[in-house]
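Sequence lines, in order, name chains E and S. Take the first sequence: its letter number 73 is residue 73 in the working numbering, and every next letter is one higher. Take the second sequence: its letter number 5 is residue 5 in the working numbering, and every next letter is one higher.
Hints should not be assumed to be uniformly reliable.
Stated by the list, open to error - Taking lysine-lysine pairs in the BS3-like style, the calculated list, with each CA pair at most 25 Å apart, reads:
hint : chain 1 : residue 1 : chain 2 : residue 2
1    : E       : K14       : S       : K68
2    : E       : K14       : S       : K1
3    : E       : K44       : E       : K14
4    : E       : K44       : E       : K9
5    : E       : K57       : S       : K68
6    : E       : K9        : S       : K1
7    : E       : K57       : E       : K44
8    : E       : K57       : E       : K9
9    : S       : K42       : S       : K1
No wet-lab data here; the hints were simulated from the structure. Because the structure is a prediction, the values reported are computed rather than measured.
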Amino acid sequence: NAGVTQTPKFRILKIGQSMTLQCTQDMNHNYMYWYRQDPGMGLKLIYYSVGAGITDKGEVPNGYNVSRSTTEDFPLRLELAAPSQTSVYFCASSYATGGLYEQYFGPGTRLTVT
Amino acid sequence: KQEVTQIPAALSVPEGENLVLNCSFTDSAIYNLQWFRQDPGKGLTSLLLIQSSQREQTSGRLNASLDKSSGRSTLYIAASQPGDSATYLCAVWTETSGSRLTFGEGTQLTVNP
């Protein structure tokens, strides 16, 4: 299994541009998540999904959109990029069965908006 | 609302020392607790998962304990090595938080040769 994969690894955007961060997992996990991590800071939840067709906002959803059309994929869309969106973005997936819940992370996408 | 605190925020120790990282949480109604490691510029790697019914889990030189009633977990690292230098995060899945983990801010560990 490849686990959770993210593309691209790095990206530089100009202010006002848009882009989609890709995330795919091959573990058949129902739950998927997008976090951002600013330099020297903790993780903040942007959006999450408990299954195909279901998404919900996290702590910091403004400026982002998501969709979940399949179990495997959970892309994050940035519209009208702003310097405040400069961050490292992590995608994660989880299984939850019988009260056991474990989260797996992708390697991250480092985004700079200038 | 669940809150997770990790103390200390940073720790520097000489190689070979045994050390303890602390994690506390405010809501003891958890399903499980997960310890992660994050190397600079990298993603999070899961180290240990403790279910609410368990008291501890071990993997190599790492031992994690859980005291659910007091809202505490510790990560014990034996015979620390420079390669252990990283940020360690704990996260809990709380019964009332739906499908979301609550993360601590992490402890940045430096092991000096």
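Checking each numbered hint in turn, tell me which of them this model violates, lowest number first. Numbers 1, 2, 5, 6 and 9 - these are the hints that the structure violates, sorted from lowest upward.
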